[in-house]
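Participant: Below are the chains, spelled out letter by letter.
Number of protein chains: 2
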Amino acid sequence: MSITLADVRDAADSLKGAAHRTPVLRSRTLDAFVGAEVHVKAENFQRMGAFKFRGAYYACSRLTPEQLASGIAAYSSGNHAQAVALAAQELGSHAVILMPEDSPASKRAAAEGYGAEVITYDRYREDRVALAAALCAERGLTLIPPYEHPDVMAGQGTAALELIEQAGDLDALVVPVGGGGLMAGSATVAKSLLPGIRMIGVEPRDGDDTKRSLEAGEVVSVPVARTIADGLAAPAPGDLTFAVNRRLVDEIFLVGDDEICDAMRFAFERMRVVIEPSGATGLAALLSGRLKVSGRVGVVISGGNIDVSRFVSLLSR
Amino acid sequence: MSITLADVRDAADSLKGAAHRTPVLRSRTLDAFVGAEVHVKAENFQRMGAFKFRGAYYACSRLTPEQLASGIAAYSSGNHAQAVALAAQELGSHAVILMPEDSPASKRAAAEGYGAEVITYDRYREDRVALAAALCAERGLTLIPPYEHPDVMAGQGTAALELIEQAGDLDALVVPVGGGGLMAGSATVAKSLLPGIRMIGVEPRDGDDTKRSLEAGEVVSVPVARTIADGLAAPAPGDLTFAVNRRLVDEIFLVGDDEICDAMRFAFERMRVVIEPSGATGLAALLSGRLKVSGRVGVVISGGNIDVSRFVSLLSR
Chain A
-7 MSITLADVRD
3 AADSLKGAAH
13 RTPVLRSRTL
23 DAFVGAEVHV
33 KAENFQRMGA
43 FKFRGAYYAC
53 SRLTPEQLAS
63 GIAAYSSGNH
73 AQAVALAAQE
83 LGSHAVILMP
93 EDSPASKRAA
103 AEGYGAEVIT
113 YDRYREDRVA
123 LAAALCAERG
133 LTLIPPYEHP
143 DVMAGQGTAA
153 LELIEQAGDL
163 DALVVPVGGG
173 GLMAGSATVA
183 KSLLPGIRMI
193 GVEPRDGDDT
203 KRSLEAGEVV
213 SVPVARTIAD
223 GLAAPAPGDL
233 TFAVNRRLVD
243 EIFLVGDDEI
253 CDAMRFAFER
263 MRVVIEPSGA
273 TGLAALLSGR
283 LKVSGRVGVV
293 ISGGNIDVSR
303 FVSLLSR
Chain B
-7 MSITLADVRD
3 AADSLKGAAH
13 RTPVLRSRTL
23 DAFVGAEVHV
33 KAENFQRMGA
43 FKFRGAYYAC
53 SRLTPEQLAS
63 GIAAYSSGNH
73 AQAVALAAQE
83 LGSHAVILMP
93 EDSPASKRAA
103 AEGYGAEVIT
113 YDRYREDRVA
123 LAAALCAERG
133 LTLIPPYEHP
143 DVMAGQGTAA
153 LELIEQAGDL
163 DALVVPVGGG
173 GLMAGSATVA
183 KSLLPGIRMI
193 GVEPRDGDDT
203 KRSLEAGEVV
213 SVPVARTIAD
223 GLAAPAPGDL
233 TFAVNRRLVD
243 EIFLVGDDEI
253 CDAMRFAFER
263 MRVVIEPSGA
273 TGLAALLSGR
283 LKVSGRVGVV
293 ISGGNIDVSR
303 FVSLLSR
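From first to last, the protein sequence lines are chains A and B. Numbers -7 to 309, taken from this note's numbering, label the letters of the first sequence in order. Numbers -7 to 309, taken from this note's numbering, label the letters of the second sequence in order.
Keep in mind that the hints are not guaranteed to be accurate.
Since copy identity is lost for identical chains, a pair holds within one copy or between any two.
With a straight-line Cα cutoff of 20 angstroms, these simulated SDA-like cross-link-like pairs (lysine to any residue) come out [as the list claims (entries may be wrong)]:
(1) Lys8 / Arg20
(2) Lys8 / Arg18
(3) Lys8 / Ser19
(4) Lys284 / Asp161
(5) Lys8 / Gln81
(6) Lys284 / Phe25
(7) Lys183 / Arg238
(8) Lys284 / Gly248
(9) Lys183 / Arg1
(10) Lys183 / Asp(-1)
Just so you know, the hints here were simulated from the structure itself, not pulled from any lab data. A quick note: this is a predicted structure, and the numbers were derived from the prediction, not measured.
Construct the complete structure from the given sequences, taking the supplied hints into account.
Facilitator: See the structure below:
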């Protein structure tokens, strides 16, 4: 159930024409702040605004015609929902999305905009995995999990594959870590192509499940994180993602909500791009002054789905 | 004193390696709203955050070594100041900038960050042209005007040259109009390469000097505009720019401040890019529902220099 570089290359072939080949941004100001040559993979410009489309589309594209006809289900704090909704729509299927009731309104509206049916739950009290299983059994849907799936991991890895094609050799790659799918795919690619690369995961300080799990050598759960980085609030890494990441990730760096806001402000004022809190964690690590990097560094901006009212409330504090 | 396509091509050669070849953005959501295939030239990603770098750098690059050694002067509501400051710095010269005292703080700080000396004046009461002439006489500086200069117009035209190279044939091109330099350069390129193209200028409703001038058949002044589009508040078109634009511009479309804010919000939430008010006027015209276009339409996003606090105050209204 692990993945290889060949799996990611297969995913990249499937995504041609479906996903955007997002740009790699450079900023002299950013380089000067960080003291390294920073290559920013802008997945906020991916379709539906986040890297999640890569894994969702690839996984959905491998379903049988019968499965597509019966429909697709997903649970998600937001971007995976939109990704599955859009993938299902493009593949002529339909999606049912289980979404936390406190998700940003823009994310719910976007999933519905892609034709999905949205069902909400309380992420502090209900178990989304059990709810999703019951829903699939009842309606004959196929569940596309947000990270616990080889095709999802392989699809997400195409972001790093493109970045290395676009930027060339990198000394380090900084990747936000929620459930660990983007990291698992990216680390598989990066360590295969550039064995000496330093893989740095970033988690919110109040959602350090992968850091704790790596230290413990096994999957460890933390309480549901109350962080502005809502996309990274998974209580524990997945078994599949953790099996990859414990082999390939060199370190996990933690960032605070204030550092995330500073990175969002930097991106807005100096790079003229919009990044959601989860998506800004890698940039926040680089701008924190606490993470020491040098040479040629890649960072994935994982998403840009934030509405103006939430941006205003976060950045006006 | 007019310009030709050959002048713009010369400028493009000089700008290679100095200016960014900015991306052309596409958005399915935007296309659906507008009812046309919209190609967005993202000059907010240009160096110093606006197209102004093109004209300023090209004009400065054509000065003699003696002129560069003596120094460069500019008057500007903001982006031209930063453009001249950065161009002077890159060419080993130094810049003195006359800037309205009510310019956004971020623009003044940016010019100073590029090593320029900033001198402020009251744009409601003082004549920046006379002030600049006195300054140049006193210090032996060469003035680079924001639009009344063939090299500046030719440099700005490279934005449209690139857009047509990147996007292919266009049925219409929508360009913000302040002093008219970007439009003069863009219209020269576009009407040469695509004689049937419809050139649509956009001005703020309270700064319609070019529209009135075109209607009158001569340069007409309006009171200093009190619009959020501070970069387009020129009281009258230039003689040089107007001579070009009266030949080549098909129409001027006016947008209100509310429409500009709506376009900034759309760009933020749907395209994940940051646009300053002046830079958003072209997009505002397309999103207004009042401008009828079809087929393949280009629009220049002319700049993205706005700090978070001003964005918050404009979008929280």
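Participant: Determine for every hint whether it applies to the structure shown.
Facilitator: Hints and how they fare:
1. In the homo-oligomer, the alpha carbons of Lys8 and Arg20 lie at most 20 angstroms apart only across protomers (17 angstroms), although the nearest pairing inside one protomer, at 31 angstroms, exceeds that limit.
2. Taking identical chains as interchangeable, the C-alpha atoms of Lys8 and Arg18 lie at most 20 angstroms apart only when they sit on different chains, with a minimum of 17 angstroms there against 24 angstroms within one chain.
3. Taking the shortest alpha-carbon separations for Lys8 and Ser19, only the inter-copy value of 18 angstroms comes in at or below 20 angstroms, while the best intra-copy value is 28 angstroms.
4. In the homo-oligomer, the alpha carbons of Lys284 and Asp161 lie at most 20 angstroms apart inside one protomer (18 angstroms), although the nearest pairing across protomers, at 48 angstroms, exceeds that limit.
5. In this assembly of identical chains, the alpha carbons of Lys8 and Gln81 lie at most 20 angstroms apart only when taken from the same copy (17 angstroms versus 42 angstroms across copies).
6. For the homomeric pair Lys284 and Phe25, the shortest alpha-carbon distance inside one copy (12 angstroms) is at most 20 angstroms, but the shortest distance between copies (45 angstroms) is not.
7. Taking the shortest Cα distances, Lys183 and Arg238 sit within 20 angstroms of each other inside one copy (13 angstroms), while across copies they are farther apart (60 angstroms).
8. For the identical chains of this complex, Lys284 and Gly248 are intra-copy neighbours only, at 17 angstroms inside a copy versus 48 angstroms across copies, given an alpha-carbon limit of 20 angstroms.
9. Taking the shortest alpha-carbon separations for Lys183 and Arg1, only the intra-copy value of 14 angstroms comes in at or below 20 angstroms, while the best inter-copy value is 44 angstroms.
10. For the homomeric pair Lys183 and Asp(-1), the shortest alpha-carbon distance inside one copy (14 angstroms) is at most 20 angstroms, but the shortest distance between copies (49 angstroms) is not.
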